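**Student:** So you can see what is in the structure, the chains are spelled out below.
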Amino acid sequence: MAEPVLDIRNLSVNYLTPRGTVKALRRINLQVPSAKVVGLVGESGCGKSTLISAVIRLMAENARVAAGEIRFTGKDMQQLSSRDLRAIRGRDMSMVFQDPMTALNPVFTVGRQMKDIQYRDAVSGKEKLKRASDMLSLVGIPDAVSRLDNYPHHFSGGMRQRITIAMALLVQPKLLIADEPTTALDATLEVQIIRLLKDLQADFQCAILFISHHLNVIAELCDFVGVMYAGELVEKGSVRDIFHRPGHPYTRALLECDPSVIAEPTRFLPTIPGEIPSLIDLPEGCIFHDRCPGAAQVCKNTPPPEVSLAEHHTAACHCLEV
Amino acid sequence: MLFYLLKRIGLAVVIVVVAVVLLYSMIHVVPGDPASVILGPRATPEMKQELHELMGLDRPFVVQVASFLGKVARGNLGMDFFSQRPVAQIVFKQLDETLVLVLASIGWAMLLGIPLGCYSAVFRNTFSDKLVGFFSIGVIAVPSFVVALYSLLLFAVTLKWLPAIGAGEPGQYMDQLQHLILPAFAIGLGWVGYIARLVRASMLEVLNENHIRRARAFGLPEHMIVFQYALKLAILPTVTLLGTGIGRLISSAVFAEIVFARPGIGKLIFDSVVSRNYPLVMGAVLVSTVLFVLSTTISDSVNAMLDPRVRERL
Amino acid sequence: MSTPNMQFSKIRLSRRSFLKASAASAGWLMLPGLGMHSSWAQDPRVLRVRDYGDPQSLDPGIASNLYEEHVNAAVHNKLIAYKPGTKWTWQLEAAQSIEQTDPTHIKFVLKPGITFTNGFGEMTAEDVKFSYERIIDPELKSPIKGDWATLESVDVTDKYSGVIVLSKPFQPLWMTTLPYMGGNIVSKKAVEAAGGKFSAMPSCFSGPYVIKEREPKQRTVLARNPEWKGEPAGFDEIHIFPIDDEKTAEMGFEAGDLDYTRISMSSYKNMKKKPPENSVVEKYPSLYYVWLGMNMEHPKLSDERVRRAVQYAVDIPSILEAAYDGVAEPATGYVPPGLVGHRPDTLVPFKADFAKAKALLAEAGYPDGIDLDLEVRNKAVYIAAGQVIQAVAAQAGIRMTLNLHDSGSFWSLGDESKGDRWKKLQLVLNRFSSAPDPHYAAQWFTKEQVGVWNWERFKNPEYNQLYEKAMAEGDKDKRDQMYRRMQELMEASGAYRFITHEAVPVIYTGRIVPALRPDGMPLLRYFTTA
Amino acid sequence: MEPLLEVAHLRVRFKTKSAVKALIEKDKDPYIDGVMGVSFAIEPGRTYGLVGESGSGKTTVARAIMGLVPVHSGTIRFNGENLVGLSRDRIKPFRRDIALMFQDPAGSLSPRLKIRSILAEPFRIHGMMPENLSVEVARLLKMVNLSPSMGDLYPHQLSGGQARRVGVARALALSPKLIIADEPTAGLDVSVQGEILNLMAQLQNDMGLSFLIITHNLAVVRHVSDHVAIMYLGRFLEQGPTQTVFHHMRHPYTQALLSAHASPDPDAVHHRISISGEIPGLVSRPQGCEFHTRCPGVREKCRRQFPPREDAGKDHRYYCHYPLSVPEN
Amino acid sequence: MNWTKQFFYRLYREPMGFFGMILVALVIVSAVFAPFLTTHDHNALDIANRLAGPSAEHWMGTDQLGRDVFSRVVMGSRIAVWVALVTVSMSLGIGLVLGMMAGYGPKWLDAALLLLFDTLRSFPTIMFALALVTVFGPSLQTVIIVIVATTFPVYGRMVRTQTQALGNQEFIVAEEAMGAGMVRILGIHILPNIVGPLFIVASMDIPVVVTIEAGLSFLGVGVRPPTPSWGSILNDGYAYIRNTPWIIIFGGLPLIVTTLGFTFLGESLRDIFDPKLRRDL
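First to last, the protein sequences are chains A, B, C, D and E. Going by numbering that gives the first Met the number 0, the first residue of the first sequence is number 0, and it counts up by one from there. Going by numbering that gives the first Met the number 0, the first residue of the second sequence is number 0, and it counts up by one from there. Going by numbering that gives the first Met the number 0, the first residue of the third sequence is number 0, and it counts up by one from there. Going by numbering that gives the first Met the number 0, the first residue of the fourth sequence is number 0, and it counts up by one from there. Going by numbering that gives the first Met the number 0, the first residue of the fifth sequence is number 0, and it counts up by one from there.
Okay, chain A solo, but in the shape it has when bound (with noise of 0.2 Å):
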């Protein structure tokens, strides 16, 4: 593999809480290579989300890194003053996110804000927006000239989507960001948008990091995929080896459980029982061991050690070790 465009090492993200230390990410490894498309899969309250606010290094106010590195495209995020940081943001990197419905500012047209993300470009206001309206018109937004005089409430949801995919994809970065952008779409929007982005991946070559619960969308949409539970990546590989050939127990759990893999008709489906432990007195051992089928005692007191499945496949669990 190439250089990664982002290379997450070691990443431990704490929330200082009222109530104690909130360890929400824990020695995280991993890399988005450039022109690749990376899934990140998990269940709420796994720490996706806050893995993302630090790349971009938005995070709340009371979050710290508490170890790792972030490198983009070989700096190091941390590193970063405001300035450097503000010149990468919306030009290497660019994100799209979860509510379509508030991610646009509600009283500026949409292409006074498309046109205020290049602001950085030395070309004239009117060259601004001729890109704007040909980026909305490769998502797929009709009559898009006319359409840049509109408020973003003029849209519906899966066109705002569109449009903020096509502020991301305007700056043609290295590497978009997308956290849960589907989320809050029907099903059949979803669909739509996956294919959207899938095609213009292909056309921009950008690097994604794809955050998502939807087990489907992340297998139509990634080259790779990371799973997490809990603040710890506890898999991560290629597509194929993480649905084909999960290695981790709740990888396969997960998948177990979803009633779209489920061939037949059932009126009990699996579950995984027990809450997901609190992040504040993380057990010892393996952070899954309580909800685990297959659980032994070293389970319960030493952390498990990442295994390698295959190549770029590995799994962080004691019983894989043989």
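Just so you know, not all the hints are guaranteed correct.
[Stated by the list, open to error] Quick list of in silico lysine-lysine cross-link-like pairs, BS3-like style, CA-CA up to 30 Å:
id	chain 1	residue 1	chain 2	residue 2
1	D	Lys25	E	Lys106
2	C	Lys273	B	Lys92
3	D	Lys25	B	Lys6
4	B	Lys159	C	Lys273
5	B	Lys6	D	Lys16
6	B	Lys231	A	Lys127
7	C	Lys196	B	Lys70
8	B	Lys159	C	Lys246
9	C	Lys458	B	Lys159
10	B	Lys231	A	Lys125
11	B	Lys159	C	Lys378
12	C	Lys378	B	Lys92
13	C	Lys423	C	Lys475
14	C	Lys268	B	Lys159
15	E	Lys106	D	Lys16
16	B	Lys231	A	Lys129
17	D	Lys91	E	Lys106
18	C	Lys167	C	Lys82
19	D	Lys14	E	Lys106
20	D	Lys14	B	Lys6
Honestly, the hints are just simulated from the structure, not real lab data. Remember, it's a predicted structure, so these values are computed and weren't measured experimentally.
Based on these hints, arrange chains B, C, D and E on the given structure of chain A.
**Tutor:** Okay, now just chains B, C, D and E, sitting in the frame of chain A:
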């Protein structure tokens, strides 16, 4: 939009009519006789009676209200029997003074309050934010008539920097401006704090919204984010506040008008009530009520103009 | 992690740039700063005075308030006018000569060459006749009709002379009619052209000043009358500001906004001690009279003993000290010292006598004291006086509740035409203004005034008889006796406890020479620069 | 078997503007249709699934059955009795037999009441206070696998899954015959949604409850419901036994929805039936077949007239001029 | 951490709120224990000693009637606190009932009540005060009526908005679905959810109310003398402002202390419990 405006105006008219009826019924039960005040201690009962008839006070309540509303509908606020002048002329003359005062107060309060609020929001939880917060809440709390009294004493009487009473020579704008400073300071001070707090609160809210986060993720310069993207949204509640604020100030300016012996509609109402000058009371209250309703209507409309989402729903 | 209230990002906007951005917009606020104190600084040709009320009617025939007379006296002429100074006396104004030929006839000759402005020509005896006769004309319904109570007619002898004919002798004429409100002479032509009376603004003037502009509630501006041929007016303009509150006026004076104003009694001592730079503080005796009245027809007060108890329970010295700052003297009736009819002493001593009051109360059947309501106007001095009365009377077992009224409510308290409030009226702290003749004050306490201005409902036949007789009595001593007796009758009824005549402290700048009546009221036309 | 609930030609309309505004704007029909005449029946002990995207009118159907929105026309028979047009008092007894479970689990629990009081609400409202309330509450909590000590907590102290269980418990309080579950699993992680669905299934087995499940999740419906209806802009485009609809679907919309819910498989050759665009708003209801604006197989006729009802077998109905051919399998 | 402990902890952490709490405590202590704190009879005249400066005998000097200003200021806190409590709770009560009726009741009732609120709000306060004062005569009761009449529409409108917002929430729909009646929904489900924010707004209104009372008394249309309201102390002192400024200073200070205290406290409460709460309605 047209429908919205019609609806607002219709509502305003209804409010004004209800206010007039309310006012008339209040006047009806308030003891006191304009005749004894107008005519002075030397008036005879016959003279008083005649004045009552002239003012229509002998007619039944409903007739009085109806005839007043009828006259108002024809654009006539009636005659002031004290000074033998049309009420409208007197009221509007005083209204000018009050409006100048109110707008000046709100104006400087806004010019100071909005930047303070933005500053506080952007530098939230810093020492200077706390300081600004302390200051703004402090000035909200201090009663404006106390501010008026002290500033009068300090700046006019003791230091003699500024004139103490009146509104200045008509036509001499510099003079009028100087006469405006202290009263505008006194009633605007609390609003500085008020506006600063409100702008800070709504600014904080807006700065936490997703689209601001997105704007930051795109590396937009911070001044653009704060002063354009966020302020345009954060200013909306302030606009609403100003609408009701201007209306409320019109009547609460009475303290400043009394302390600084300034002419104005608040003082006019106060004096006319005290002297039971009913035509003036009616006229002045009607006009200030209309103004209140108008300013809320306008501020709502301005709000609607600023916010395209609201604008188009109308 | 998705905490709902996530706050993103640290501060990235530097304070300096922030301040720059906001300072630009707020900067102009500093502009009208210090050292720009200029245009309200004194213009030597403008006199700025404060009066306590805003002139309502400026037609001399229907104006009845002192602040209206202050204006009218400067813009119109009378046959005779009060002479500035410390003694109540008059001087010729429009008249070249004037004499009482017999008790009912007064002969006058006008100065020739007094002109009305706006081309209404020279003042003639015809104008005098018109001006005085219109006041008694029932059509005009003049509030000052009483000032000309016995006027029969004014007979014109020639262009400049005439005779005022009275139906019966009227002694107050020389002190309270001719030199006062009833004495102003207007142009017959002008008034008739205006339809019988001047509505808002008179259309012509004859005095040293004319009314230049009138802004209700703001100010009245008098300007030099270019056609005036007499002693030149002292100022180019006189600005009269209606300021009800004396404290505000004092403040205005100290800030340099006024040249002359009456000040409050509470400020007098201190201002006298330490007057503002280049100013003079003086105190004048006033014509006002303040008294505690009792409604004789109220069930609680119908017993004379109760009324007398109240009289004894009111302590005049403490009221004068506390409410009037020790500036005012006690009153013995409605006639102040120095005028005909002044009583040297009262029946009930100034100092309260609680034992006597208690005894009277007990006698009247209130051994445990009595609860009474005291009605007071809501001005600082009356509130203070009311509180002293309340506190002191409590020691005699009279428990008072103070009810404050604004003037609108107060002035109709005892008015029978305004519902039943007069029936509930018990005690009232009252104050009337007066003129330099006892008749003026005496008129309000007749039987006819019961339920109008006589709120005590004092009905004494002897009083009424004396009132009629004193009006015509030519002998000064007899007249004096009559008015003393009348005031004694009032006090003896128990319904009155006279308190004070107050005092009129005034302040004026050293740059002007004021012309004041003996009671400190301004005669604006005679004000000059120092 | 006699259906427990039988809805026929149900139509719900909403007023969009005030009478005055409508008059001024010369809008003769200031109404929009939320539900355009749907019919279905639920038999005792069975589960009916109502599927559709946001804005399709699923929730309106539920609320109409509960009497929370006024019904314009049609009938809703419960145990043979028509609920439409009944007065508040007359309908109250039926509210014991029909319970509603809400989409937002925490939001449907009164935030200032303890769980204990929330569970007691149904009894209080219907004046059926049990002799020992705490025993009853404990029983309800136990039924949904929660500890009785939870009764002392407030709703915001519960996790999403727990709140939903409390919702189920409340719905069960008066032993209803039918539970209408509005998006019972929305917002839940896959690992938890099974718990709720399993609980519902178990209760159905134990107590013979009927369910009307409203959801946008076809994958869930496939497992839990006996019958299913596919809703679009207030209409059922296709309805029938779940297996039939899933395997022999005739409507292109059903097909598109199903393909959007395909199982996650990176290698599956995705010939997804993708439909373009979004569901139009109720205000801009298209002419003819409402789905024609997005239908891949749209033809002229579709734009003009709404297709008639077609019966494709036992209980299987659809509305399409040009239905899909029946798959070979 | 239990609720009260947490509450005080957070208030303590918030220096403004802590400061406010101390000031408020000061005022309330002085109101409650006024009779034990005064050094003189607050209404006793001592004309020989009028306008005396602060001394060991009279800590804040005496007024123009020789009354002890300190004792009057202390007793004045009773008036202020009493007026504030009574008016705010009355406005709150009326506003709550009418607002909930408007927000949950039928449309016509909503329109009628809204009209009432807006009319009362658009009426110049001073006019209202003067009219009522002239009708009933200046007294504590009148002041209370005036303040209630001018403030309850604000609460009414706020409650209405909140009730409407709550009425659309699922837990209310859930109650309706179970067949709960209007009284039950308003009383058990809506009321507890709006009183919290309303109490915060009310606490922020206390200084406003105290100011109105003082303002009316200052204008001479407030409480009946010799009742020692801070406004009437100011009015008394205003006449002697130049030479005996301590009356104004000591009469104005408690007013400032009270308004500052309650405003600081109210703002902090708002920040702690309901940062989104706004008063711009």
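**Student:** Does each hint hold? Answer for all of them.
**Tutor:** Results of checking the hints against the structure:
no., hint, verdict
1, D:Lys25 with E:Lys106, "holds, 23 Å"
2, C:Lys273 with B:Lys92, "violated, 39 Å"
3, D:Lys25 with B:Lys6, "holds, 16 Å"
4, B:Lys159 with C:Lys273, "holds, 17 Å"
5, B:Lys6 with D:Lys16, "holds, 13 Å"
6, B:Lys231 with A:Lys127, "holds, 23 Å"
7, C:Lys196 with B:Lys70, "holds, 26 Å"
8, B:Lys159 with C:Lys246, "holds, 17 Å"
9, C:Lys458 with B:Lys159, "violated, 56 Å"
10, B:Lys231 with A:Lys125, "holds, 24 Å"
11, B:Lys159 with C:Lys378, "holds, 28 Å"
12, C:Lys378 with B:Lys92, "holds, 28 Å"
13, C:Lys423 with C:Lys475, "violated, 41 Å"
14, C:Lys268 with B:Lys159, "holds, 23 Å"
15, E:Lys106 with D:Lys16, "holds, 14 Å"
16, B:Lys231 with A:Lys129, "holds, 26 Å"
17, D:Lys91 with E:Lys106, "holds, 23 Å"
18, C:Lys167 with C:Lys82, "holds, 27 Å"
19, D:Lys14 with E:Lys106, "holds, 14 Å"
20, D:Lys14 with B:Lys6, "holds, 18 Å"
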